[in-house]
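From first to last, the protein sequence lines are chains A and B. Start counting the first sequence at 1; every next residue gets the next number (this note's numbering). Start counting the second sequence at 1001; every next residue gets the next number (this note's numbering).
There's no promise every hint is true.
[Stated by the list, open to error] DMTMM-like cross-link-like pairs, simulated, lysine to aspartate or glutamate; straight-line CA separation at most 20 angstroms:
(1) A:Lys267 <-> B:Glu1171
(2) B:Lys1175 <-> A:Asp337
(3) B:Lys1196 <-> A:Glu165
(4) A:Lys196 <-> A:Glu156
(5) B:Lys1193 <-> A:Glu194
(6) A:Lys193 <-> B:Glu1194
(7) A:Lys175 <-> B:Glu1194
(8) A:Lys334 <-> B:Asp1337
(9) B:Lys1336 <-> A:Glu156
(10) B:Lys1193 <-> A:Glu165
(11) A:Lys336 <-> B:Asp1337
(12) B:Lys1336 <-> A:Asp337
(13) A:Lys334 <-> B:Glu1171
Hints in this document: simulated from the structure, not taken from any laboratory.
2 protein chains.
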Amino acid sequence: MRKFTVYFKTPGKTVEVEKGASLMDAARKAGVFVDAPCGGKGHCGKCRVKVLSGENRYRPSHLLTQEELNQGIRLACLTEVEGDMTVELVQTDTINDIIVEDITSNFDNHSRVKRAIEVLEKSGIKIKNSFDTIRIKLNEPTLDDNISDFDRILKELGFIVKSGELSCPVEVFRKMPRIIRQAGFDVGLVLRKEQKAYEILDITAQKDKKIYGLCVDVGTTTVASCLVDLSTGRIEASASCGNLQMQYGGDVISRIIYSTEPGGLEKLQKAIVYGTVNKLIEKMVHKLGCNHEDIVCSAIAGNTTMAHLFLGIPVENIRLEPYIPVFKNFPVFKAKDVDLGINPNATVYMLPNVASYVGGDIVSGVLASGLWSSDEITLFMDLGTNGELVLGNREWMVACACSAGPAFEGGDISCGMRAAPGAIDEVRVDARTFAPAIKTIGNTKPSGICGSGLIDLIAEMFLSGIIDGKGRIKQNTRNRRIRFNRAVGCWEYLLVSGKNTSDGRDITINEIDIDNFLRAKGAVYSGIKTMLNSVGIDMGDIEKVIIAGGIGQNLDIESSVRIGLLPDIDRGKFEFIGNSSLTGAYLCIVSEEARQKAGQIADMMTYIELSADPAYMEEFVGACFLPHTDLRLFPSASAI
Amino acid sequence: MRKFTVYFKTPGKTVEVEKGASLMDAARKAGVFVDAPCGGKGHCGKCRVKVLSGENRYRPSHLLTQEELNQGIRLACLTEVEGDMTVELVQTDTINDIIVEDITSNFDNHSRVKRAIEVLEKSGIKIKNSFDTIRIKLNEPTLDDNISDFDRILKELGFIVKSGELSCPVEVFRKMPRIIRQAGFDVGLVLRKEQKAYEILDITAQKDKKIYGLCVDVGTTTVASCLVDLSTGRIEASASCGNLQMQYGGDVISRIIYSTEPGGLEKLQKAIVYGTVNKLIEKMVHKLGCNHEDIVCSAIAGNTTMAHLFLGIPVENIRLEPYIPVFKNFPVFKAKDVDLGINPNATVYMLPNVASYVGGDIVSGVLASGLWSSDEITLFMDLGTNGELVLGNREWMVACACSAGPAFEGGDISCGMRAAPGAIDEVRVDARTFAPAIKTIGNTKPSGICGSGLIDLIAEMFLSGIIDGKGRIKQNTRNRRIRFNRAVGCWEYLLVSGKNTSDGRDITINEIDIDNFLRAKGAVYSGIKTMLNSVGIDMGDIEKVIIAGGIGQNLDIESSVRIGLLPDIDRGKFEFIGNSSLTGAYLCIVSEEARQKAGQIADMMTYIELSADPAYMEEFVGACFLPHTDLRLFPSASAI
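The shape of chain A in the complex, shown without the other chains (with noise of 0.2 angstroms):
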């Protein structure tokens, strides 16, 4: 087979691929990311580059302009390599920018962080860790007095070396004879004590050593990570950047369907791990000038393709009914299993899934949000790339997973991007001439739509008369931002022209767009509904609605009732928590009996399989109407 080369200028990294390879497969061989939502099928548009040099084979696509065509713009998918060639990326989207927060001026989740440890503390669980450091004098070794180093330790530890109840890994007896000399026999050891058990960590000479617990946000899109200072519970760093397995896929599903190509789970192992969150940690630890070997544990939260993936585990199962995966506990394993970049033998424990599709970044979220502590019925919502639901309060839990797709993120929307810096976050639309008022994240040109700008666009569009209930588009030809667009064959509505976007392109949505992200939202309060009337009490017994994940932050709840996303109830229930999933995994790291809580909450969930269930689907029928085809749901909305 011929071999050729692919520069790929933007990054600076030249790869060798075999002739007919796509510029995609060239990409992720050279380890340059290119968004790939639908997996590399040609679906999204998404993937696009820059041909400026070389031989090359493409396959057309309505998803690119004749006018793009004549710049050298393609499809990195479609576009098989016959020759040497030369590639700029032209995608504005920053996954590879990783986001070091300001933890003292900008980390909010400590105030949230603060309450859900009041929820913990009052419901008696202890907040404790089970890691220590403590220092010790060791009276120097003579002819007279020649035990080994490690029996000196463990003598002034006061243990009995009895199998079992004390290790110490390979890694600390390495360093022990150094640095215990180089300490003058003035050690300093982090220990991690469980139950009647012992485990030397670390040794250091180190006076005042800080030790720290990691915390990682798993998801399907964004990774959201930080480190926590063991003896004082505070957060120091935090740190977030895309899921670098973007390239081979943007939802679960994609993903998941990579995994089984030769070699595909170890590339999406080493995506997320090396790729996404040992990168993390580098910033962290760069920022607080600590080692590695100084983390000594972490608590992974993700759902339950993100878990399996993060350990390199097949995940086939998952998508195939019954719909099975490997593992809801995982027993809590060791830094060096997985190659996380942190001490070897620093504990890893994963936040418990309930199902395939309700994962533990679930769990983390349910008891960050002290909804397992509430007598009030609270409806839990995490809508990120999937969209996951809880009912239930102390007593009882019902879980539920949408099949929304990754529309809420920005997936499968033509304009659509994650909440990075120049996606749209809010739209509001003149009722008379059409024109939108928007606002981007970081103030920049805008790029694409978030999840929040997507709902608040469709609400304007419905409210303004531009779609009507079935999201179909007014075929207003009067109105310049109401358009035929041929290539796709269908209508669309011009947000922003090219002359004010960050790439010259327009920001457009079209009905396809629409209608991917009414069967979204539809899927979304279908769930709820499936949920409810699986307990028998309606929308009006909701006592609390607690609204987390990536996009509830920028969320406008009036939007988001008014297309039928959210329920029409009182908004004074309404809570937005963030980042839960995070909290919850902070709220292991520092508390055990809070891991044994996550624990109990897993198990207390009672799945439903909407899939199975006959009349979810009915539900959804009515629920992919703007905003619900039973308006009665609706009071507010219909008012209007």
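Place chain B on chain A using the hints.
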């Protein structure tokens, strides 16, 4: 720095080195074994190679004759590379040859193993390990019964999932979904039980799967191993070869010195784990047709330095007063922690050390010998590269190590070699003609003399009057076997002329060799005396002498007494037990309680640091004579 290529013709390996590097460096870098008992310091003359072409600078040494130099023979450690070179190995040592024994006919440890087990059982020790294979039938999942694969297994196992009760490593999870379905939901599990905790070590679709335990005796010179069927206790394969660390030095001291060079410790660890033990495992696994994963536990016995190096733990303090090892007991760890080529989660148990120079091999040997359960005052001697001694019975034990050097394994002796095919292991000398009769291991042409051959040779030379009590050769110029070696500057005895040897070189023994050997045997005998003195008993009070170690098998008791290595007591008290270190490791594999007994034995031993004992030096001086300066100690020898 200029770089040159060195091509080792014999094994066919090429390596690039910097100008001025020695051929020894080149060989080590290329992974070509060149023996170097002195650690590459130009003292031992063992690293002979033949330079076929290429510029080089040679530092002259008396260890090669002019004739050899003319033939292109060089010492690798004294030859500096100054151009591209081609080199041939001329060594006859077979360190890289792995001997896989035919268990059914040849492995005479079997009967020793049986006896050792009888001793354990008589003492009420259960012969039971903690591993088990079980078979479980799982229900096939449905939409109504959609618990995870792992929960399905747990349910069938009857466990309640609580942290700490059952663990399952990530490697098992990774194959779990595939194996379960491949097996049609009828799977085998390999379980390890420790107190109340269980660990799933493997999952298999295979019916009647066999699982094995690995036993290794890590000798400084020779490494021996076997695989044990854990359900029957049968030894199913056995293999041994030289310790590849020999290229970095022949005895522990030269290895310790090498370990302090940059990267030295890592190279020594790789040499023993990758280069030696993993290759033995490979051979045995191949022979049995099993998988590496089927080996689920291991027991490793070695001297303190070997145990540290096996784990990559620094050894430099072992050599420096007050001689402090890093550990005595090592907590049980997992194979993947040191890249041992068996099931990554297999337990690795290191036999406990007593002190820096009495290690796990001795504890293992004492366990195997039954000394710990005997009423008789027993002397346990392990004569390998080091000489270790234990004196005691069921109530007390003292132990010491003699700085014997590697003489008993052929090191420090110009024509010495380890007990491998081609080694002269028996010698008789005609008292009139001084003509020798020899026997070689494998009955091949001789290549050198091993330990038992040296003992015989020196005893016979003494008996026939070739040497006097100080080991000096009587300058008998009329016998052509007695000659002056100008290069070395002393007299020597010609044992085998080059005409009859495997490499055409004369096999000789000179006064320096004899002196080295006398100091080795003197160290052992004075060690025995010092131990007896420390507990206030005499040679005559010894009721049993157990001889273990590589030298044991072929050792001639009469010769050994005659030269004053062994005490001159009733010959019926002597017993050989072969490689008792490997037998002890075997016991620890088949019996959990035997492992605890090994720990008790190590704790029970009182270590005598001979170098700190002034009386030892006095004893030593007298013991360097043939047989001793105090002939009353050797009545039978003096009677001749």
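Sort out whether glutamate 165 of chain A lies within 20 angstroms of lysine 1193 of chain B, counting only the CA atoms. Holds. Lysine 1193 of chain B to glutamate 165 of chain A sits at ~16 angstroms (cutoff 20 angstroms).
Distance restraint between lysine 193 of chain A and glutamate 1194 of chain B, which requires alpha-carbon spacing of 20 angstroms or less: holds, 18 angstroms
Would you check the hint for lysine 334 of chain A and glutamate 1171 of chain B, treating anything up to 20 angstroms between C-alpha atoms as holding? holds, 12 angstroms
For the pair supplied as a hint, lysine 1175 of chain B and aspartate 337 of chain A, confirm whether the alpha-carbon distance does not exceed 20 angstroms. Holds. Lysine 1175 of chain B to aspartate 337 of chain A sits at ~15 angstroms (cutoff 20 angstroms).
Just to be careful, I want the Cα atoms of lysine 1193 of chain B and glutamate 194 of chain A compared with a cutoff of 20 angstroms; is the pair within it? holds, 18 angstroms
Would the pair lysine 175 of chain A and glutamate 1194 of chain B pass a check requiring their Cα atoms to be no farther apart than 20 angstroms? Given pair lysine 175 of chain A, glutamate 1194 of chain B is violated - Cα atoms ~29 angstroms apart, limit 20 angstroms.
Would you check the hint for lysine 1336 of chain B and aspartate 337 of chain A, treating anything up to 20 angstroms between C-alpha atoms as holding? holds, 9 angstroms
Given the hinted pair lysine 196 of chain A and glutamate 156 of chain A, is their Cα-Cα distance within 20 angstroms? holds, 18 angstroms
Would the hint linking lysine 1336 of chain B and glutamate 156 of chain A be met if the CA-CA limit is 20 angstroms? violated, 30 angstroms
For the pair we were handed, lysine 267 of chain A and glutamate 1171 of chain B, check the Cα-Cα distance against 20 angstroms. holds, 17 angstroms
Does aspartate 1337 of chain B lie within 20 angstroms of lysine 336 of chain A when you go C-alpha to C-alpha? holds, 9 angstroms
Restraint check for lysine 334 of chain A with aspartate 1337 of chain B, where alpha carbons must lie at most 20 angstroms apart: This hinted pair holds, its Cα atoms lying about 11 angstroms apart.
Violated hints for the displayed structure, listed by number in ascending order: 7, 9.
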